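Chemist: Read off the chains here:
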Amino acid sequence: MQKTAGLIKKRVLELLADGTVTKVLGWKEGDFIYDVTPASFLSAQEADGLVYSSFCGANLSKYLISECKALTEGKILALLKPCDTYSFNQLLTEHRIDRDKVYVIGVGCKGMLDIEKIKAMGIKGITKVIDNGKELDIKTIYGSKTCKREDALLEKCLCCKSKNFKAFDEIIDPEPETKEEKADRFAKVSELEAMTAEERYAFWQEQLSKCIRCNACRNVCPACSCMKCVFDNPVSGVSSKANTDSFEEKMFHIIRAFHVAGRCTDCGECSRVCPQNIPLHLLNRKFIKDINELYGEYQAGEEVGSRAPLADFTFDDAEPSVVNERGNS
Amino acid sequence: MQVSENTENKEFKPLIVAFCCNWCSYAGADLAGTSRLSYPAEVKIIRVPCSCRVNPMFILKAFEKGADGVIMCGCHPGDCHYSTGNYYARRRMTLLFSMLDYLGIDRARTRVEWVSAAEGQKFSLVMNDFAKTVTELGENIKLGDLRCKKQQD
Ligand code: SF4
Ligand code: SF4
Ligand code: FES
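Line by line, the protein sequences give chains R and G. Sequential numbering from 41 applies to the first sequence in the numbering used here. Sequential numbering from 1010 applies to the second sequence in the numbering used here.
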């Protein structure tokens, strides 16, 4: 990781110096080493703060929408992990960003860590994490602790889509495609499908009731890129807030999931940022599973220009009654 | 304040919302009427220009307002007045109904049927059958309550 970070920084400085790019989108560290947030850098001096660590889970592609609009000269450098390049392609497909204005450096990724999972192991006061790719050596103010890397991976990284880059201008330190059997990303969806309708309702009520409507899941989502959103209520005086008790408010989760159905790349950002740990990916993956089963395998962002399943049809599509015919409840 | 009816000893009558496209299904409903074929009074028809006009939000709204069942009717595939509207609607509704089922709205409470302007008979049969199914399922859960905490009792 340290080596990759070094290579990235070196390359970023070169590209800034020769004028290929005028702005860099990357990550910077906050007060704690695991507190890594997206950041932009305009000069070599600023780029000193650029980091690439095991906590760079954030997908930077969505920032390119506003960056492309604001750009006047040169290019923006975006550091994208393999899974982020799917979102990048999806944004290109939807004409939200301009390929010519972006210089993509693909950065190798072993899977990113979830600080919540580490904290849940009772590890506190973390000052340093040494990641050898298999084990984590965690230094805390109370001493050292170790844990298996796979036990601390982000949900989205457990079912990593691919280690291959779907878009790039150059690549730094790519990882080989993992050989081990990946976790089945639809396992939990199937489990829910096997329950009765009442049980499912109870499950979702339990989960969705935790929502504080912070809008983080919407704001982070690269597929949620409308300029005007149904969940915004301009007359409220508070931006990004719908009327409490309004229809949109009550149906928030269903509407959000439907709006991104067929365009969601399953990047997992929504679940990652949710402060209430609501498993939003289970809603997105339900749509993805249905689409794969009914209309053929489809991965949003795999190819630029592919047609989203909901903006497409065939004459012999399944009749809606398939919903009633399958399953056992 | 809420005025509650005395619902004891009253047989359950479901509230059913039927979205019917103007060119086929609504005309089919008309034909059912003029042919004096009956369909349940609980079925409330909403006329839409094309099945494709049915925004998924309409369905959610119907459930939010207390519908026990929602049915969408359009021209047979291939016969849409706007050529391809119902093909898009077909995918949309399939995915939406599957999602609603996933969230706990029993899949038998949603249905799509293709009814042409000449099929007054089919319209009446479909509506009677759907009303029967929904009546058997009883009162629906409130979709809008998905985000409310469970009542402590
Ligand atoms: S819905 Fe979630 S997983 Fe899908 S693209 Fe948006 S943030 Fe990523
Ligand atoms: S991020 Fe989580 S808590 Fe915030 S609005 Fe989305 S689901 Fe609700
Ligand atoms: S007009 Fe009837 S479905 Fe389009």
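A hint or two may mislead.
[To be verified] Just so you have them, the derived chain G footprint on chain R, three or more residues with Cβ under 8 Å:
#1 58-72
#2 291-301
#3 327-334
#4 342-353
[To be verified] Listed next, with one range per pair, are the computed distances between beta-carbon atoms:
#5 Ile1055(G) with Lys174(R): 58 to 68 Å
#6 Asp356(R) with Lys1019(G): 40 to 50 Å
#7 Lys50(R) with Asn1064(G): 18 to 28 Å
#8 Gln1130(G) with Phe355(R): 44 to 54 Å
[Said to hold, decoys possible] Derived DSS-like pairs: lysine-lysine, alpha-carbon spacing no greater than 27 Å straight-line:
#9 Lys1151(G) with Lys250(R)
#10 Lys268(R) with Lys1070(G)
#11 Lys1070(G) with Lys329(R)
#12 Lys250(R) with Lys1074(G)
#13 Lys1019(G) with Lys329(R)
#14 Lys228(R) with Lys1074(G)
#15 Lys1070(G) with Lys250(R)
#16 Lys115(R) with Lys43(R)
#17 Lys157(R) with Lys115(R)
#18 Lys174(R) with Lys203(R)
In case anyone wonders, no lab produced these hints; they're calculated from the structure. Since this is a predicted model, take the numbers as computed values, not measurements. Just so you know, even glycine gets a beta-carbon here, dropped at the ideal spot from N, CA and C.
Chemist: Going back to the hint list, which numbers does this structure go against?
Modeler: Failing hints, ascending: 1, 7, 8, 13, 14, 17.
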